[in-house]
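Q: Sequence:
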Amino acid sequence: MTDEPHSPAGPSLATPSLATLTNDGLQALLMRAIRITLIVGAIAALVLWKASGWRDAAMMAPGAAISAASILEWRRLIRFLNAKMDHQQVPRAAAVSAVFFVLRLGVFGAAIYGSLKCLRGSVVALLCGLGLALLAMVWEAVRLLRD
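Sequential numbering from 4 applies to the sequence shown in our numbering.
FYI, nobody ran anything at the bench for these hints, they're computed from the structure.
Glycine included, every Cβ here is placed at the ideal spot set by N, Cα and C.
Treat the hints with care, since some could be wrong.
[Stated by the list, open to error] Computed spacing ranges between beta-carbons, pair by pair:
hint, residue 1, residue 2, range
1, V141, G109, 39 to 45 Å
2, N26, C121, 39 to 45 Å
3, T23, V127, 38 to 44 Å
With these hints in hand, go ahead and build the complete structure from the sequences.
A: In structure tokens, the structure reads:
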């Protein structure tokens, strides 16, 4: 037995790291998610290439690239929104970044359409590539909550 006093409500729970997440920590989390997305996308494309041919691997690659670019865009927008909320100096290219966010959505749509039309690979591989961003973000959130 230990001589430590116990509270009547039971053992105290430590505050999760999510409650103390700073802007810099969030930016680092998003960069790790980008890295995870690119690495898993490259490995999955290589496995698909070996298992079912180059067309499916070529469908996975644009999906993974779009996922990583999407996280990057959200990272920029979060930086802009945090600066606005904290009444800090807004980054110089905030308006340009917001305009390019909308333009990139069109580019991403065109890349998806082009890969579906030209590559004629598996749509499932493309959707899996597009879902890698969600997988990476969930992985990082679970990792953050575990710490």
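Q: State for each hint whether it applies.
A: Here is how each hint holds up against the structure:
Take V141 and G109: their Cβ atoms lie about 27 Å apart, and the range 39 to 45 Å is violated. Hint check: N26 to C121, Cβ distance near 41 Å, so the stated range 39 to 45 Å holds. Taken as a hint, the range 38 to 44 Å holds for the pair T23 and V127, whose Cβ atoms sit roughly 39 Å apart.
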